[in-house]
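All the letters of the sequence shown, read from the start, carry residue numbers 0 to 320 under numbering that gives the first Met the number 0.
These are computed hints drawn from the structure, not numbers from a lab.
Worth double-checking, as some hints may not be accurate.
[What the hints assert, rightly or not] The calculated label-pair distances, taken between Cβ atoms and stated as ranges, are:
1. Ala-65 <-> Glu-283: 22 to 30 Å
2. Thr-45 <-> Gly-231: 25 to 33 Å
3. Thr-242 <-> Lys-177: 38 to 46 Å
4. Asn-289 <-> Ala-165: 32 to 40 Å
5. Ile-152 <-> Leu-16: 12 to 20 Å
6. Asn-289 <-> Ala-113: 55 to 63 Å
7. Gly-179 <-> Thr-242: 33 to 41 Å
8. Ala-113 <-> Gly-153: 28 to 36 Å
9. Ile-274 <-> Cys-150: 57 to 65 Å
10. Ala-173 <-> Gln-292: 37 to 45 Å
The beta carbon of each residue, even a glycine, is placed where N, CA and C say it ideally should be.
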Amino acid sequence: MTDSSTETPSDIARGVLGIEAAALARLSEELPAAFDAVIELLMAVTGRVIVSGMGKSGHVAGKIAATLASTGTPAQAVHPGEASHGDLGMITKADAVILISNSGETRELADMIAHCARFSIPLVAITKKPGSSLGRAAAHVLGLPDAPEACAIGMAPTTSTTMTMALGDALAVALMRKRGFDKAHYGLFHPGGTLGAQLLHVSAVMHKGDELPVVGPDTAMADTLLVMSQKGFGVAALVEGGTLAGIITDGDLRRNMDGLMDRTAGEVATRQPLITKPDKLLTEALGIMNSTQRTVLLVVDDDLRLVGLLHIHDALRAGVA
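Go ahead and model the full structure; you've got the sequences and the hints to work with.
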């Protein structure tokens, strides 16, 4: 036995993490045989996946439901106590239910178990005890290895909740892959904050239409400068025959200062400007601007028609830094 008087907090932390890491490795090696069947069941659900548990298992249920919901599987956490006082009405025949109980004998789950049986609602159990009341009532059991808890007295839910959380992540990711859920879908469910900004496309923030500083090859430089000043981006896009043909920047103006006002936009423009596509991630477009020390990217479609303009300030305002 370890002498607690000589243990440092770091020693304790490493011990806890070691116990939980070993349990996760064991869970991977002993993945419940019903896992594939549960994925098929959840894929077929036309309603929502209801996740519930009591105490610490209830907190884990909330996290699992949130992860499922944000990755393409409609889900909701329902508190078993509230379910017994009316919230059972949230659970319909179109749903599937995942109940979490380490012992499988959590009495607060009894009403939810009975409700599932009464209305033939598919029930999945996550428990260490497949032969428990919960395990026997479930259509599928995702059994957890009988690994020791990591707390000092071996009783507080630690290892068991970690395994359950990880198993929930495994379910969510497997469902994501089966559904073909990608970054574009993910972005629809995460419009706010840093995650949302990282998943924005150029089309979401680019300037378009009358905002674009467009000139033709024969536009006099006096008129070109007026367009550049009016639009406020410090550049002009050269469009010829309906497609992007070049760009005029401050650098082009400086390089052609001698006799500038006697020239046309086509004579001054840089003919191969940096471009991007509307469906490019905003973070990727910002990377191009940073690596080339440019503040503007012209946005074109597959036929090289000008459809927008992205300024570095647009990316920064959107929260992409």
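Hint check:
1. Ala-65 <-> Glu-283: 22 to 30 Å: Holds, at about 28 Å.
2. Thr-45 <-> Gly-231: 25 to 33 Å: violated, 51 Å
3. Thr-242 <-> Lys-177: 38 to 46 Å: This hint holds: roughly 42 Å between Cβ atoms.
4. Asn-289 <-> Ala-165: 32 to 40 Å: holds, 37 Å
5. Ile-152 <-> Leu-16: 12 to 20 Å: Because 18 Å falls inside the window, the suggested range holds.
6. Asn-289 <-> Ala-113: 55 to 63 Å: holds, 60 Å
7. Gly-179 <-> Thr-242: 33 to 41 Å: Given range 33 to 41 Å: holds, Cβ gap about 34 Å.
8. Ala-113 <-> Gly-153: 28 to 36 Å: With a Cβ separation near 32 Å, Ala-113 and Gly-153 satisfy 28 to 36 Å, so the hint holds.
9. Ile-274 <-> Cys-150: 57 to 65 Å: With Cβ atoms ~58 Å apart, the hint holds.
10. Ala-173 <-> Gln-292: 37 to 45 Å: holds, 44 Å
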